[in-house]
Amino acid sequence: MIMKKIAASENIENFYQKDYIYVDKTEYIFKLIENNERIFISRPRRFGKSLTLNIIGTLFEKGVEPYFKDTWIYDKWDKETYPVLHLNFLDYTTSDIELFKQSLCQQLRNFFGSIGINSYIDDKEPNNLIRNIFFAMPDGMQIVLLIDEYDCQLTANINNPELYEKFRLFIRELYAVLKGKKQIRFIAVTGVTRLKDVSIFSVGSDIIDISYDHAYSKMIGFTRDEIKKFYLDYLRLGVSYEKHKDISEVTDSEIEEFLDRMAEQYNGFSFDEFNENTVFSTYSVNRFLLSLSMKQKVVFGDYWYENGGVPTILKNYLETHELNAENLLSSEITVPYDDFANPTTLLNINENVLMCQTGYLTLKSDINPSSYVITLGTANDEVRRSVSRLVSLRFISQDFFLNPESRISFDTCSADELISHLNKLLATVSYNKYPIKSESVLRTLLQFYFLGRALDVRVESHNSKGRSDLFINFPKRRIIIELKYASGEREEKNKLKEAEDQILENGYGLENLGDRELIRIACVFNGADDKREIKVYSIV
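The sequence shown maps to residues 2 to 541 in this note's numbering.
By construction, these hints were calculated from the structure, which means they are not laboratory data. Check before you lean on any hint, since a few could be wrong.
Stated by the list, open to error - Heads up, simulated PhoX-like pairs for lysine-lysine below, C-alpha to C-alpha not over 25 Å straight-line:
1. K230 x K19
2. K246 x K229
3. K230 x K32
4. K298 x K477
5. K438 x K425
6. K19 x K63
7. K498 x K532
8. K229 x K19
9. K77 x K230
10. K102 x K125
11. K182 x K125
12. K182 x K63
13. K167 x K180
14. K229 x K219
15. K494 x K438
16. K6 x K296
17. K244 x K6
Said to hold, decoys possible - Derived CB-CB ranges, DEER-like:
18. L519 x E490: 26 to 34 Å
19. S104 x K477: 56 to 64 Å
20. E14 x G117: 18 to 26 Å
21. F411 x S104: 44 to 52 Å
22. P67 x G117: 23 to 31 Å
23. R173 x V374: 24 to 32 Å
24. A264 x G141: 46 to 54 Å
25. G141 x P337: 44 to 52 Å
All residues carry an ideal CB built from backbone N, CA and C; glycine is no exception.
Construct the entire structure; sequences and hints are all you get.
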């Protein structure tokens, strides 16, 4: 069977020329342009912001022929063409504002020269140069302006307040020059962050922030229905590999079940003020489906995190800030409405709002000023593992993961080997960054570690009689770990007995066990300053 290719491009012309699958978003884009002249939209990295801008630019510059054949917009777009100035701030330096200005000025000169605007007073300051060029443009002439990743220089300097302030002031001045200018037919700006201190979003701004607008909440990202429509051949292929059956024999119910599992991994991102619509990560879906077609095997990889690891903004933030690790494991995290809706500056942004803007958290409630708080949480299993990996790398030495002696096969190791492994791990934890002073702190740390290793781990898993501390499932084995905390050696024996009794009395691990091997370990962590390890344990 010949299938259309999955794209790895941010240019709609490539989709047409190479016959890539294009998930048609042109209806949203048409309505966006019909109803707005100046817009801003924020999304996490690799979600499709740049492709969206490219489509807008191509429509304005070239119209629908031939790149939009078979799309919704093809017979509806009748607007005249305009020169399109596309500025991507990722292309410019983040460490030298004067060099940044030089590069931007040169691109402005090149662009306006290419459309015949040459008789203007030159200037080394981009804002003055734009003002002079606009003055020299013939009356009635307009351009379309697209600015991608407007906040790149700000996010790169979150730990450099002096340079951050210089770039912030530049952006304010740039927008002041652009605001309300008749020479601009349409403006679209994208970025990761929404910051009130750059004036783009201030009171009186004519740029409309549609980041959480219900009408455009599905414009960037894939919906379940879109995946089923545009990637149906790949879904059938995935089911056929798993079920070892011919593609022609794959049923609709099998496809729905396959989509259910994809949703657990890659769906759940909400950019909807009413919290009604969710979308899948575009990058993760494309990589997953491309992988299964090439490897002829279904593997739910962590593509979102693996694509560059920690976003630059979050990496820079973590150099000087600590995350509330236990908070990140909560299914619901509340932040003040104003912190979410009106973040002022990256220099003192609410950490959970930053985690949301970078994609590690997402909306779990509507955005309602009268409720005073916004609820956030992780979108899906892929992101949950990414958060765990992010946090575990903050507290556990990188050397531990690189050391061959620290490697272990959890689905075959003995209880002794497992406890030895956990003690090696705990020995690398910075006491200053993560003091283990209670059972809950220890449990949280181990949960982050196991989740970061992509294991099926559950904390305080319920059965009819109680809740086990750590519950780890493998295809052929189940490990139960009941943790107790002791502040000194005298408590160890009683605490171990307490853990053993809980396992036996509550029947931890027996529910839906099937033919799995069951290993149940009672263990006691001694938190004394000269110990800080699991001192006693037993197999129950």
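Q. K494 and K438: Cα distance at most 25 Å?
A. holds, 19 Å
**Q.** Given pair status - K32, K230, alpha carbons within 25 Å
**A.** holds, 22 Å
**Q.** Straight-line alpha-carbon gap K182 to K125, limit 25 Å
**A.** holds, 21 Å
Q: Measure nothing beyond the straight line between the CA atoms of K498 and K532; if it is 25 Å or shorter, mark the hint as holding.
A: holds, 20 Å
Q.
So if I understand the rule, the pair passes when the alpha-carbon distance is 25 Å or less; does K19 with K63 pass?
A. Roughly 18 Å separates the two Cα atoms, so the pair holds.
Q.
Against the range 46 to 54 Å, how does the distance between the Cβ atoms of A264 and G141 compare: consistent or not?
A. holds, 50 Å
Q | Straight-line alpha-carbon gap K438 to K425, limit 25 Å | A | Holds, at roughly 18 Å.
Q. Given a hinted range of 26 to 34 Å, is it respected by the beta-carbon distance of L519 and E490?
A. holds, 30 Å
Q) Between K77 and K230, does the CA-CA distance stay at or below 25 Å? A) Holds, at about 22 Å.
Q: Please test the hint of 23 to 31 Å on the beta carbon pair from P67 and G117.
A: holds, 26 Å
Q) Can the suggested window of 44 to 52 Å be confirmed for the beta-carbon pair G141 and P337? A) Taking Cβ atoms as reference, G141 and P337 lie about 47 Å apart, which means the hint holds.
(Q) For a C-alpha distance cap of 25 Å, please report whether K244 and K6 respect it. (A) The hint holds at about 23 Å.
In this structure, none of the earlier numbered hints is contradicted; all agree with it.
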